[in-house]
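**Student:** Once you have looked at the hints, place chain B on chain A.
There are 2 protein chains.
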Amino acid sequence: MFTIKRIDVDAGEYTVILNSADAYEMGIRSLDRVKISSKKRSITAIVEISETMLSSGEIGLLTRAFSDLKEDIDSEVDVTSTPRPTSIEYIKKKMNGEELSFNEILRIIKDIVNKNLSNIELAAYISAVYTRGMNLRETKDLTMAMIETGDTIDFNKEEVYDFHSIGGVPGNKVTLLIVPIVAAAGYLIPKTSSRAISSACGTADIFEVLTNISFSAEEIEHIAERVGGTIVWGGGVNIAPADDLIIHVEYPLAIDPYSQVIASVMAKKKAAGVNRLVLDIPVGPNTKVATFELAKRYSRDFIAIGDELDMRVQCAITYGGQPVGRAVGPLLEAREALAALENKKVPNSLFEKSLSIAGMILEMGPMPAGTGRPRAKDILCSGKALKKMKEMIEAQGGNPDVTSESIEVGKYTHETLSDRVGYVDSINNKTIVKIARAAGAPKGKGAGIMIYKKRGMKVDKDEPIYTIYSDSKAKLDQAVKLGNKLRPIAIEGMVLETIKGSNGMDVYDE
Amino acid sequence: MFTIKRIDVDAGEYTVILNSADAYEMGIRSLDRVKISSKKRSITAIVEISETMLSSGEIGLLTRAFSDLKEDIDSEVDVTSTPRPTSIEYIKKKMNGEELSFNEILRIIKDIVNKNLSNIELAAYISAVYTRGMNLRETKDLTMAMIETGDTIDFNKEEVYDFHSIGGVPGNKVTLLIVPIVAAAGYLIPKTSSRAISSACGTADIFEVLTNISFSAEEIEHIAERVGGTIVWGGGVNIAPADDLIIHVEYPLAIDPYSQVIASVMAKKKAAGVNRLVLDIPVGPNTKVATFELAKRYSRDFIAIGDELDMRVQCAITYGGQPVGRAVGPLLEAREALAALENKKVPNSLFEKSLSIAGMILEMGPMPAGTGRPRAKDILCSGKALKKMKEMIEAQGGNPDVTSESIEVGKYTHETLSDRVGYVDSINNKTIVKIARAAGAPKGKGAGIMIYKKRGMKVDKDEPIYTIYSDSKAKLDQAVKLGNKLRPIAIEGMVLETIKGSNGMDVYDE
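Protein chains in written order, with my numbering: chain A, 1 to 510; chain B, 1001 to 1510.
Next up, chain A with everything else stripped away, as it sits in the complex:
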């Protein structure tokens, strides 16, 4: 029998610590597994060994193991050595380039969700999916396994619409226009969104400055059916929970295995009750999808998996070469989106992208081809979208009287001026994100960047090209320093004028 000690560290896996003498006696090595049994329940955990932290006869349970075993400190438990989970054999099978069956994939995903795999084993799984890939059948089965190991939402409506951007472009606040437009047309669009992982801000980070975003599956169903649209944080519900655990391990490696991206998106949407989905796939350097070819491959496979899941999927391959609109950062983006809904001055890229995608969604419903975009424009320009947005904000517990002018962005600001005459040759998405994060985004809600000069635009010497906002003077200074070093907006001299002049036509209207 062992006495429980609590060690308050969250290692992301079930971990326990044994005294080295006990481990030696039991023939247990670091990273072996033990079963810890109390009278009421038992868990399997991974062992780390300590020379001095615990006395012989004590077992230290890290946060997750402690809270799930539900025993008091100093109570007695039985500890026995157990073999490694069979899912490790399936991970090795994938490492060897073999195809996995549904049951093998389900076993892996179950062990991930039940925290039976260590970070090492999880990293091997991610690496194997990254290097060996999965065929469409496996990807579908992975999607099903991710759905099956979490909660699902069922709406009392036949068609449930949604929109998802596979990310990588800063300033992509289109959701805040699309959802109210589509909902105002009488469609049901219960959008779950995410917080920033490595970006400047996710849709959840933006919408959070306007209203509450954390709801249970039941509440989401209730609000969406009443108002027609929601924008809520997907992390607040237990939908496809394997995804977060997988992302935790992908993050340090900065990899996004192709099949895993598809399965994660599709599992979350399917589990959320969606059956009509438009996917935005931004293409460009420094986005998730670097080439048009890869974007087309994603499109084909998303649509094919959708077919298998009885979900109609359409993909919009969009321009991801520079930020969407001018604002990057939670409050700055909320302000820009509200201004668009209020029919104030709004960047063309935000306007065009939002209407095109909203139009696609409308045409996935009963509207005839060619009528979606004009209808979306009408809803936006008539103020119906703004009205719907206010309903959504209120239904989620926020203040519906908010306006773009009432929003207070970061009070510390610094304007950067051009040191030359020329044209904007490129804007580096990753650098923009770095600066916004240095200024405090996404946690610092007022932090971010306003970009005044976009690709192809003419710039005079000493003309403002961007302004950094922050809630903290120290962070502003850091972000300014970083901006001066990284130069997110590249301005080419006049020599290139004739070439840039014609290239710039695409976006000159910003």
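One or more hints might be untrue.
Okay, derived cross-link-like pairs now, DSSO-like style, lysine-lysine, Cα gap no bigger than 27 Å in a straight line [as the list claims (entries may be wrong)]:
(1) K1039(B) to K481(A)
(2) K92(A) to K1434(B)
(3) K1430(B) to K92(A)
(4) K473(A) to K1035(B)
(5) K1485(B) to K1434(B)
(6) K485(A) to K461(A)
(7) K35(A) to K1481(B)
(8) K35(A) to K1443(B)
Hint data in this document are derived by calculation from the structure and do not stem from the laboratory.
Keep in mind that this is a model prediction, so the values were computed, not measured.
**Tutor:** Chain B in isolation, oriented as in the chain A frame:
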């Protein structure tokens, strides 16, 4: 400034824990990296986040980070966010199937040795080498990188011999015969050996029952040059230290990437000053190398890498289908090896294998082809090998008067009888190991198994087939139970007699 707290857990990597509010404020996520700087030195560590273990302003250093930063508890340090190491890019390059340059491989190995990589990143490296492989040039560079990141030994002698078994066969105590035979012939053979990881006992575990095995590089050099031979524990010196750190991560995945096996063996031998090496590659089910083809591929590549390192390498592909000799377990194997040196009754497989390999080593030196094995036999049978063994034991601080009869093996024993008449069809190496480990090996020095009936031998009903030894009654009982369940020795009935009779010729003399 942060105040240092100590957390006595050895996570195998530099890990620190931050309060969640501080991490939030600094924009740091779990598994990000920080630089911790005191006045004297700085280290880079991986961050885990705790809600309640630490107060804001405190940083918890896990064992390795704490001991290497060399600061007191409650002293103040500076903590700043730092980017992930560039070696992660090279790991991704290998995951993508690209070839790595020497500098890229060296960067990875340096980051492993300096504990700059997390378990997740290390697992991705191992997985990438496993799935993508390395070509010979990369394998050589990996070997060089592993040598360069540790200590090396230089002997004052032109030819330095060694022997290494790539493992997987229980009872393989041949080193205890080979080293004294070769040393008695006047050759320098400073053998470094390892402890058991998943086997019943390593050579280091066996020799430890006879003398000390833990020495510094300088002491090894000194003893070997005086006596001619040593058998020491390789883990006691800082030779190719990357190996242990890599094994730590391979262990839970139970993988042994091909190129990594070659690089690890060759790096350790080269760094230990060896330039004449015989490799024993046991082939058989339940050994590391399952097929003859794979054994040949290993042989070719070991020899090719040897050429690049100015090391002459010869490989002996040996029979690994059942244990070598009859004894498995530290004291039981030491007793069997001593009995052989004392020219007492000794199993043929141990005798043959030891003499063949010793003969190969002798012929790598000045001895003409065909004279090595007879010379080895002469040294063994004349008692010269025993004399050398006693010198080695004494030089390493043990009692040279030890004899096979003075060795006391586990006092709790259980004899298993055959329940039928027949012939031994097969012996399962893995099952033998499991039973020996259940009995307490390798930590329980007296624990193990004596096998009386080997492949092809005739067995009567109620005749003893094996005896389990243990230092503990409880462990003996467990091991006996396991043996009865797993039946390590498969006995076929008389129907198969004629077939087995001829098959059995190979080994009937045991």
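**Student:** The structure should be examined with respect to each hint, and the outcome stated for every one.
**Tutor:** Status of each hint after checking the structure:
Among the hinted pairs, K1039(B) with K481(A) is consistent with the structure: their alpha-carbon atoms are about 26 Å apart, no more than 27 Å. Between the alpha carbons of K92(A) and K1434(B) the distance comes to roughly 22 Å, so the proposed pair stays at or under 27 Å and holds. Distance restraint check for K1430(B) and K92(A): the Cα-Cα separation of roughly 20 Å lies within the 27 Å cut-off, and the hinted pair is therefore satisfied. Taking the CA atoms of K473(A) and K1035(B), the gap is about 23 Å. The hint holds against a cut of 27 Å.
Restraint check for K1485(B) and K1434(B): the C-alpha separation of about 12 Å stays at or below 27 Å, so the hint holds. Between K485(A) and K461(A), the direct Cα distance comes to roughly 18 Å. Compliance with the 27 Å bound is thereby established for this hinted pair. This hinted pair checks out: K35(A) and K1481(B) have alpha carbons roughly 20 Å apart, not beyond 27 Å. In summary, the hint linking K35(A) to K1443(B) is supported, as the alpha carbons are separated by about 22 Å, within the 27 Å threshold.
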